[in-house]
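Chain by chain, the residues:
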Amino acid sequence: MNSRYEVVIGLEVHVQLTTKTKIFCGCSTEFGQPTNSQTCPVCLGLPGALPVLNRQVVEDAIKAGLATNCQIAPHSIFARKNYFYPDLPKGYQISQFELPICEHGWMDIETEGLGKKRVGITRIHMEEDAGKLLHNDGNSSAVDLNRACTPLLEVVSEPDMRSSDEAISYLKQLHQIVVYLGICDGNLEEGSFRCDANVSIRPWGQKELGTRSELKNLNSFRFIKQAIEYEVERQIDVVDEGGQVVQETRLFDPDAGVSRSMRSKEEAHDYRYFPDPDLLPLDVSEDWIKRVRDSLPELPQVKILRYQNSMGLPTYAAEVLAAERPLAEYFEALVNHYDKPKLCSNWVMGEVLGALKDNQMEVVDCPVSPELLAGILLRIDDNTISGKIAKMVFEEIWRSGKTADQVIEEKGLKQVTDIGAIEAIVDEVIAANPSPVAEYQAGKEKLMSFFVGQVMKASKGKANPGMANQLLKKKLSA
Amino acid sequence: MTFHDLTIQEIHQKLRSGELTSVKLTQDCLERIKATDGRLNAFITVCEDEALTAAAVADQQLAAGHEKLLTGIPVAVKDIFNTLDVRTTCASKILDNYVSPYDATTVTKLREQGAVIVGKLNMDEFAMGSSGENSAAGVVHNPWDTERVPGGSSSGSAAAVAAGQVVATLGTDTGGSVRQPASHCGVVGFKPTYGRVSRYGVVAFASSLDQVGPIAGNVEDCALMLGVIAGYDPADSTSVDCPVPDYLKNLKTGVAGKKIGLPKEYFIAGLDPDIKKAVDAAIATYRKLGAEIIEVSLPHTDYSVACYYLIAMAEASSNLARYDGVRFGMRQDTGEGLIGMYQQTRTAGFGDEVKRRIMLGTYALSSGYYDAYYLKAQKVRTLIREDFRTVFEQVDLLLTPVAPTPAFKIGKMVDDPLQMYLSDIFTIPTNLAGTCAMSLPCGFSGEGLPIGLQLIGKPFAEAEILQAAYAFEQATDWSDRAPGL
Chain A
0 MNSRYEVVIG
10 LEVHVQLTTK
20 TKIFCGCSTE
30 FGQPTNSQTC
40 PVCLGLPGAL
50 PVLNRQVVED
60 AIKAGLATNC
70 QIAPHSIFAR
80 KNYFYPDLPK
90 GYQISQFELP
100 ICEHGWMDIE
110 TEGLGKKRVG
120 ITRIHMEEDA
130 GKLLHNDGNS
140 SAVDLNRACT
150 PLLEVVSEPD
160 MRSSDEAISY
170 LKQLHQIVVY
180 LGICDGNLEE
190 GSFRCDANVS
200 IRPWGQKELG
210 TRSELKNLNS
220 FRFIKQAIEY
230 EVERQIDVVD
240 EGGQVVQETR
250 LFDPDAGVSR
260 SMRSKEEAHD
270 YRYFPDPDLL
280 PLDVSEDWIK
290 RVRDSLPELP
300 QVKILRYQNS
310 MGLPTYAAEV
320 LAAERPLAEY
330 FEALVNHYDK
340 PKLCSNWVMG
350 EVLGALKDNQ
360 MEVVDCPVSP
370 ELLAGILLRI
380 DDNTISGKIA
390 KMVFEEIWRS
400 GKTADQVIEE
410 KGLKQVTDIG
420 AIEAIVDEVI
430 AANPSPVAEY
440 QAGKEKLMSF
450 FVGQVMKASK
460 GKANPGMANQ
470 LLKKKLSA
Chain B
0 MTFHDLTIQE
10 IHQKLRSGEL
20 TSVKLTQDCL
30 ERIKATDGRL
40 NAFITVCEDE
50 ALTAAAVADQ
60 QLAAGHEKLL
70 TGIPVAVKDI
80 FNTLDVRTTC
90 ASKILDNYVS
100 PYDATTVTKL
110 REQGAVIVGK
120 LNMDEFAMGS
130 SGENSAAGVV
140 HNPWDTERVP
150 GGSSSGSAAA
160 VAAGQVVATL
170 GTDTGGSVRQ
180 PASHCGVVGF
190 KPTYGRVSRY
200 GVVAFASSLD
210 QVGPIAGNVE
220 DCALMLGVIA
230 GYDPADSTSV
240 DCPVPDYLKN
250 LKTGVAGKKI
260 GLPKEYFIAG
270 LDPDIKKAVD
280 AAIATYRKLG
290 AEIIEVSLPH
300 TDYSVACYYL
310 IAMAEASSNL
320 ARYDGVRFGM
330 RQDTGEGLIG
340 MYQQTRTAGF
350 GDEVKRRIML
360 GTYALSSGYY
370 DAYYLKAQKV
380 RTLIREDFRT
390 VFEQVDLLLT
400 PVAPTPAFKI
410 GKMVDDPLQM
420 YLSDIFTIPT
430 NLAGTCAMSL
440 PCGFSGEGLP
450 IGLQLIGKPF
460 AEAEILQAAY
470 AFEQATDWSD
480 RAPGL
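Taken in sequence, the protein lines are chains A and B.
Position 49 of the first sequence, counting from 1, maps to 48 under numbering that gives the first Met the number 0, and the rest follow consecutively.
Position 234 of the second sequence, counting from 1, maps to 233 under numbering that gives the first Met the number 0, and the rest follow consecutively.
What the hints contain is simulated information worked out from the structure, not anything from laboratory work.
A virtual CB, placed ideally from N, CA and C, is assigned to each residue, including glycine.
There could be a bad hint or two in this list.
To be verified - Residues from chain A that face chain B, not an exhaustive set, calculated with beta carbons under 7 Å:
#, residue
1, 40
2, 46
3, 47
4, 81
5, 83
6, 85
7, 89
8, 279
Unchecked claim - Below are the DSSO-like pairs computed for lysine-lysine, each with C-alpha atoms no more than 30 Å apart in a straight line:
#, chain 1, residue 1, chain 2, residue 2
9, B, 92, A, 131
10, B, 67, B, 23
11, B, 354, A, 80
Please build the complete structure, drawing on both the sequences and the hints.
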C-alpha cells in the first residue's frame, strides 16, 4: 500500500453468455467454427434485416442481477451505440444505455486482512458482441462475423476497490458466480470473461476521484493484477514529477508488462446513443423475476457457510468443495448416499481430486460416481475393508466401473477378522524379527507401527489392523 | 388489352374463364413498360424472364383451380424491398449491384399469394425525398404531365400504377411516401398502422416511422393488397400480433352515421385553391353519404414537420451506417487506410439529400445536442400522438388534403430542401402518431393534375378507412380517369 496515495479501481466485465443462439438472431454461438459459417442477414447487418431479442439472454441477465443483489428493472431499453469499425456490421452495437436491466447491486468480497468488503455494482446490461478481425498480412485484413451478435452482459462496478488484490478478489468472485449460474463458461483466454479496469489515484483523505485511465486487453487474472499495478506506479510517477494524469484508454501489453496509450479523451468516440427503434422496450414481470429467483442454484458463498456450519467442515475444505459447481454437486450427492460429510470431504479432496488431476479429467467425467464412492465408504464403515484397501478398491472402480462389493468379492479383499488367522501371522512376524522384538521389549514402543505394518504386509493388507494391533501388544508384552 | 378499368377480382374472373392468361397479361404489362417507361423512368429493374416464368406457373395454378388472392396478377415493388436474386438498389449508387440473399416478408407474402413480380420501382434514394428527383437511377416523371414530379419517395410505385404498367405495387411510407405520390398520380395509396405490416427485409430509412403500404388503381384492389401483406411477423419485433380482418368483406358498409373530423390546422390559409375546392367537394359528398362532419383540432400540428425531420434523420444517420464498403455494395478505396475507405465510399455512394440527412441526424444525436433536438422531438411526438388519441374520442375518421399543392414541376424545389420538406406537412403527423391513413383521388386541378384526399383512421382501424374510401369512390368518378400517355 502506498503511503501517500489511495488507489481507486472500478471494473467493467464483459461476460459472454452460453446461450445456444445469438442475442438477436437464431445463429449458433458455437466457438471455433469455420469463419462466417454462423451468420445470417441479421448478424451480418444486411439491409432490411431486423433484430429479435433472445429471451434466454434476458433470463441470464436476471440471474446475474439477482445473484449480485441488483434491482431488476421492470422496464428497460435497448439503445444503439454508434461507431464505425469493420468488425461491427451495422455501424452500431445494440446495447443498453439509459435504462439497463439490472442496477444497484453489490457483492461482498474477501480482502486480505480487512475481512469482507462490500463492492457496489452500478449496473448490468445486455449487448451484442462484434465480430473478429483477422489480419492476413501487412496489407489486408478479413473479418469473421461468427462472433457478431453473440450475447454479452456488461457488469459495471462502482469505483470501490482500493488495490489490485481487491480487484482480483472481486473478479474471481464474479467469475465464480457467472460460471455457477451456468450462464458463462468462464474461459478467459477465449474471451468469455473480459475485463477493463478504470484506475486512478488520489491523496489519502481526498474525496474527489482522480483522473482515471481505462485499461483494456486484460485476459487473465495475472495480467489484470500486473496491469493495475503498472498503472498505479505510472500514475504516481506522473504526479510525483509534477505532471497530471490524463483521461485516456490504455492497452496492456502482457509480453512487455507495460501499457500504452490507445486514445485520449479528446479522441474518444461520441457514441450517439439513442433507443433502438427496432426493438420494443423490454418489460420484465414480477412473476418472471420470481420464477428466475426460484430457479437459482445455491451460490458459492452460501454453500461455504453451510458446509462449515451444518456439515462441520473446516473453512479450507468448504472453500475447495464449493469453488466449482460440478465438484460441489459431486460432494453433495456423495453426502446424500453416505451421511458423514467429513469423511466424504476427505475422500473427495484426496482421492477424487487427486485421480482427476492425474488423469487430467473434469469432475463431471469422473468414472467413480458418488454412488460408487459411497459404496466404498460403507464398506470401510462396516469393517469389510480397511482404509488402505479402500484406496485400492477406488482405483479398481476407476478402471472398471464395478461396484465396491463386486471388486471386494472378485479380488478377495475382504478384511481378515478371523482371530486365529491373524494370530498365526502375528506369530510369524514376531519369529521373523527377533531384534526389533528385543528393542520393543526394551521400551521402544514406537516400533508397534512397524509390527502392524509387517502383519498387514504379510496379510496383503487384509488383516484387520485393530485386531493385529491388539494381538501384537498382547504377545509382545507376554 | 387494358386492365385499367378492372379490379383484381374482375381480372381473376377473366383468368378463370380462360378469356385471359397471366402470361398474356404479363406480356401486356411488359410491353406497356417498354412503351412508356422511357418517358416515366418508373422502373429501376424489369425482370422480364422471372415475371414470365412466374406467370406461366400462375397459369398452371389457375388451370388446376389453385387460385390465390393474387395468382397471375402483375405487380411490382419499390426498389427498397429485398428480393432474392434480383438486385435491390434503393436508388443509390452505394447499393448499385447489391443482390439480397433473402426476400422481404412482404415480398414472400406476395409470392405466396401467386403474384407475378414484374420488377423493382424507382424511388428517392433510400426513400429520402418527396419528388422522385433524388434517385441515382434518374428522375421519375408524372404520367399526367411528364414535366412534373410524381411525388415521392414511392415515386415509381405510384407512377407505374397510374400509367397502367402493372396492376398494383408496394411502396413504403415514412412521412407520406405512399400517400403523397399516390395523390400526385391520381391513384389509391394506403399507409397502414405502424406494426400492421412487417418491415423485415425492407431497407430501413427511419425505423420508428417506416411502414409498407400498397398502391393500386382503386379502393378494392388496395384493400385486397393490404390484406395480403398485413399481419404479425415474428421477424419484426415492432410488428403487432393483432388479427387482420377481411378488408374486402365489409367494404360496402358505407359511412352513414360516421363522424368525420376536419382538423382545422390542416385547412390553413394559403392552401392551393384547386385543392381546397376539391377537398370541400369531397366533404360535401360525405355529408350526402350520411356522414356527420365535425371540425376538430390537432393542436400540435405545427411542430410535426420539425419533429419528424429530427427523428427521421437521427434514425437514418444510424440506419445508414452499415453502408461502409466493408461487406457489400460499393467500395471506393485508393489505399488511404480504413477511414479513407469509409470516406471515399460514402462520399461517392450517397446522393446529396442522403448526405444532408445523415449529417443533420448525426448532429441531432451528438452529445450536448441530444436533449435539445432528439429528446425534445420525442417529447413533441408524444404530444402529437396524444392529439390523435384525443381527437379519435370524438370522431371515427379525419379528412384532410394529402399535399398542399398538386404535383410541381421537375426541378422547381431541388434547391430548396426546406420547401420540399413542407410538401409532407399533412402526411407526416400520421406517421408520428403511428396510425393509419389513405390517399384517394378527389379531383383535378385547373391544369388537369390529380388531387388526393386523405382519410386518417384510428390505430388498426384500416377497415374503417377503406369503407369510407370505397363509398366515396362509388359516389364519384375521379378514379375512372387515366392519364393520356
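Going down the list of hints, with the structure as the test:
1. 40: Cβ of residue 40(A) sits 5 Å from chain B, so the hint holds.
2. 46: Since the shortest Cβ distance to chain B is 4 Å, the answer is holds.
3. 47: 4 Å, holds
4. 81: Where the cut-off is 7 Å and the nearest Cβ of chain B is about 5 Å from residue 81(A), the hint holds.
5. 83: Residue 83(A) check passes; min Cβ-Cβ to chain B is 6 Å, inside 7 Å.
6. 85: 5 Å, holds
7. 89: Nearest chain B Cβ about 5 Å off; hint holds.
8. 279: It holds, given that the least Cβ distance between residue 279(A) and chain B is near 6 Å, below 7 Å.
9. 92(B) - 131(A): Between residue 92(B) and residue 131(A) the Cα gap is close to 28 Å, so the pair holds against 30 Å.
10. 67(B) - 23(B): The given pair, whose Cα atoms are some 18 Å apart, holds under the 30 Å limit.
11. 354(B) - 80(A): OK: residue 354(B) and residue 80(A) at ~20 Å, within 30 Å.
When held up to the earlier numbered hints, the structure conflicts with none and fits them all.
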